[in-house]
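Participant: If you want the building blocks of each chain, they are given just below.
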Amino acid sequence: MSILKRTQQWATFARTWHIYDCTWQNPFDSAKVVKNHLMGLHKPIYHPMNDCGDHVVLINTGEIALPGDEWIKRVYFHHTGYPGGASWTLAWQLHEKDPTMVMKKAVYAAMKGNLQRRHTMQRLHLFPDDKVPEEILGNVTSQIKQTRVVPKRLDHIDKETLENFPAIMDYPKDYVLR
Amino acid sequence: MVFTSAALFVRARGPDEFWRKRRVFKLAAHFHGRPRNVYTFAVRAVHRALVYATKGRKLKKLDMAELWKTRVSASAEQYGVSFDAFKNSLLKSNILLNKKMLADLAIWEPRSFEALAQLSRERAVVEGMPGIQERSVMNQVYGLKNLLKK
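Sequence lines, in order, name chains A and B.
Using numbering that gives the first Met the number 0, read the first sequence as starting at 0 and increasing by one per residue.
Using numbering that gives the first Met the number 0, read the second sequence as starting at 0 and increasing by one per residue.
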């Protein structure tokens, strides 16, 4: 094998590190995208027996947005194995305990249950905020596009921009704003 | 052999017992344990194996088609085209490559595949397919600027 071919081989099968910002993202939609990168489904050389999955770093998992009333309706089940060991945790409770857990479970559930799943999960790195250790951030070379646009919040827009924003009409002087 | 009745004709099966069994054992040579050595088990295992082989001939084709689809859609997504849009636009451009060839091109000739992806993108915009609006910069290079609707 020539040096060129050897380099090509290395480049083809090298693991890329992707970063994904979970701010205001639906974890279940995001999980489908993240799963593709973890399993290598985004590469033309994909094969179930080919170990071509990439690493994915998920940041800001504490800022995820569950759809509808999922925070109070979604329940995570756990059983210790002992009699009476069943427990049901609401999504918001789980999120308070560990801000990475909802996202992690979403990715885990998005993958088909086989022997490879737990090894694939080892390539997922979750962080509740944007504080990522240097040794992990140093590997990152690619960013995954977010599944939806992060809306701009009214209380995050500075006062000057708000005041200068063109208004359709002025409120009458005696109008009471609640 | 003389068969005095139909019942006797049915009973007389094949040649020698040894050779009849040998035919089954040859098919069971790679089995594990008793299905390999004991005729009663071997004949059942061989029967089951042949059923699997019959079903497998169909399944193998389906599996490969699924794999090619995964590969082609992965490659097309790199250029912002979904699999269906990609395949449809190629069809409209009268490029009749099948999934196997497209997958092979994606792996071994990424530049050729890129050209196809750009072409399909252009065609998708011209035909007004949903989801794709911008025409790529590459249309200058490949002379696709004047691509017309048929």
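There's no promise every hint is true.
Partial list, derived from the structure: chain A residues whose beta carbon lies under 8 Å from chain B [claimed, not checked]:
1. W23
2. N25
3. L40
4. H41
5. K42
6. P43
7. M48
Subject to a maximum C-alpha distance of 27 Å in a straight line, what follows is the list of computed DSSO-like cross-link-like pairs (lysine-lysine) [as the list claims (entries may be wrong)]:
8. A:K31 <-> A:K103
9. B:K54 <-> A:K31
10. B:K68 <-> B:K98
11. A:K130 <-> A:K103
12. B:K98 <-> B:K57
13. A:K111 <-> B:K54
14. A:K158 <-> A:K111
15. A:K31 <-> A:K72
16. B:K99 <-> B:K68
17. B:K60 <-> B:K99
18. A:K111 <-> B:K25
19. A:K130 <-> A:K111
20. A:K158 <-> A:K31
21. A:K172 <-> A:K158
22. A:K104 <-> A:K144
23. A:K144 <-> A:K111
24. A:K144 <-> B:K68
25. A:K144 <-> A:K103
26. B:K98 <-> B:K59
27. A:K130 <-> B:K54
28. B:K60 <-> A:K4
29. A:K111 <-> B:K59
30. B:K91 <-> A:K31
31. A:K158 <-> A:K103
32. B:K68 <-> B:K91
33. A:K72 <-> A:K111
34. A:K111 <-> B:K68
35. B:K98 <-> A:K111
36. B:K99 <-> A:K111
37. B:K57 <-> B:K68
38. B:K20 <-> A:K111
39. B:K60 <-> B:K98
Source of the hints: derived by calculation from the structure; they are not laboratory data.
C-beta: ideal position from N, C-alpha, C; glycine also.
Participant: Now tell me, hint by hint, if it's right for this structure.
Facilitator: Going down the list of hints, with the structure as the test:
1. For W23 (chain A), the interface hint is violated, since its Cβ never comes within 8 Å of a Cβ in chain B; the closest pair sits about 23 Å apart.
2. At its closest, the beta carbon of N25 (chain A) sits 19 Å from a beta carbon of chain B; the interface hint therefore is violated under the 8 Å criterion.
3. Interface restraint check for L40 (chain A): the shortest CB-CB distance to chain B comes to about 6 Å, inside 8 Å, so the restraint holds.
4. Given the 8 Å rule on beta carbons, the hint for H41 (chain A) holds: about 5 Å separates it from the nearest Cβ of chain B.
5. The beta carbon of K42 (chain A) comes within 6 Å of a beta carbon in chain B, closer than 8 Å, and the hint placing it at the interface holds.
6. Checking P43 (chain A) against chain B: minimum C-beta separation of about 4 Å stays under 8 Å; hint holds.
7. Below 8 Å, beta-carbon pairs count as interface contacts, and M48 (chain A) has none with chain B, the closest being about 11 Å; its hint is therefore violated.
8. Restraint check for K31 (chain A) and K103 (chain A): satisfied, since their Cα atoms lie roughly 12 Å apart, inside the 27 Å limit.
9. With a C-alpha separation of about 32 Å, the suggested pair K54 (chain B) and K31 (chain A) falls outside the 27 Å cut-off, and the hint is violated.
10. A threshold of 27 Å between alpha carbons decides the hint, and for K68 (chain B) with K98 (chain B) the separation of about 6 Å falls inside it, so the pair holds.
11. Using a Cα cut-off of 27 Å, the hinted pair K130 (chain A) and K103 (chain A) holds, with the two alpha carbons roughly 18 Å apart.
12. At most 27 Å may separate the alpha-carbon atoms for a hinted pair to count; K98 (chain B) and K57 (chain B) meet this at roughly 17 Å.
13. Straight-line distance between C-alpha atoms of K111 (chain A) and K54 (chain B) comes to about 24 Å, which keeps the hinted pair within the 27 Å bound.
14. As the CA atoms of K158 (chain A) and K111 (chain A) are separated by approximately 49 Å, the hinted pair breaks the 27 Å bound.
15. Between K31 (chain A) and K72 (chain A), the direct Cα distance comes to roughly 21 Å. Compliance with the 27 Å bound is thereby established for this hinted pair.
16. Taking the CA atoms of K99 (chain B) and K68 (chain B), the gap is near 8 Å; set against the 27 Å cutoff, the hint holds.
17. For the suggested pair K60 (chain B) and K99 (chain B), the alpha carbons sit about 11 Å apart, so the restraint of at most 27 Å is met.
18. Straight-line distance between C-alpha atoms of K111 (chain A) and K25 (chain B) comes to about 38 Å, which puts the hinted pair past the 27 Å bound.
19. With a C-alpha separation of about 31 Å, the suggested pairing of K130 (chain A) with K111 (chain A) is violated against the 27 Å cut-off.
20. Distance check on the hinted pair: K158 (chain A) and K31 (chain A) sit about 38 Å apart at the alpha-carbon level, beyond 27 Å; violated.
21. Between K172 (chain A) and K158 (chain A) the alpha-carbon distance is near 22 Å, which keeps this suggested pair within the 27 Å criterion.
22. Distance restraint check for K104 (chain A) and K144 (chain A): the Cα-Cα separation of roughly 21 Å lies within the 27 Å cut-off, and the hinted pair is therefore satisfied.
23. Between K144 (chain A) and K111 (chain A), the direct Cα distance comes to roughly 23 Å. Compliance with the 27 Å bound is thereby established for this hinted pair.
24. Taking the CA atoms of K144 (chain A) and K68 (chain B), the gap is near 23 Å; set against the 27 Å cutoff, the hint holds.
25. Using a Cα cut-off of 27 Å, the hinted pair K144 (chain A) and K103 (chain A) holds, with the two alpha carbons roughly 18 Å apart.
26. Restraint check: the Cα-Cα separation between K98 (chain B) and K59 (chain B) comes to about 15 Å, which is no more than 27 Å; the hinted pair holds.
27. Distance check on the hinted pair: K130 (chain A) and K54 (chain B) sit about 53 Å apart at the alpha-carbon level, beyond 27 Å; violated.
28. With a C-alpha separation of about 32 Å, the suggested pair K60 (chain B) and K4 (chain A) falls outside the 27 Å cut-off, and the hint is violated.
29. Distance check on the hinted pair: K111 (chain A) and K59 (chain B) sit about 20 Å apart at the alpha-carbon level, within 27 Å; holds.
30. Between K91 (chain B) and K31 (chain A) the alpha-carbon distance is near 30 Å, which puts this suggested pair outside the 27 Å criterion.
31. Our distance criterion of 27 Å between C-alpha atoms is broken by K158 (chain A) and K103 (chain A), whose separation comes to about 38 Å.
32. At most 27 Å may separate the alpha-carbon atoms for a hinted pair to count; K68 (chain B) and K91 (chain B) meet this at roughly 19 Å.
33. Distance restraint check for K72 (chain A) and K111 (chain A): the Cα-Cα separation of roughly 24 Å lies within the 27 Å cut-off, and the hinted pair is therefore satisfied.
34. About 18 Å separates the Cα atoms of K111 (chain A) and K68 (chain B), which keeps this hinted pair within 27 Å; it holds.
35. Proposed proximity of K98 (chain B) and K111 (chain A) is supported: the alpha carbons are some 24 Å apart, at most 27 Å.
36. Restraint check for K99 (chain B) and K111 (chain A): satisfied, since their Cα atoms lie roughly 25 Å apart, inside the 27 Å limit.
37. In summary, the hint linking K57 (chain B) to K68 (chain B) is supported, as the alpha carbons are separated by about 17 Å, within the 27 Å threshold.
38. Distance check on the hinted pair: K20 (chain B) and K111 (chain A) sit about 43 Å apart at the alpha-carbon level, beyond 27 Å; violated.
39. Distance check on the hinted pair: K60 (chain B) and K98 (chain B) sit about 12 Å apart at the alpha-carbon level, within 27 Å; holds.
Taken one by one, the earlier hints fail for this structure at numbers 1, 2, 7, 9, 14, 18, 19, 20, 27, 28, 30, 31, 38, listed in ascending order.
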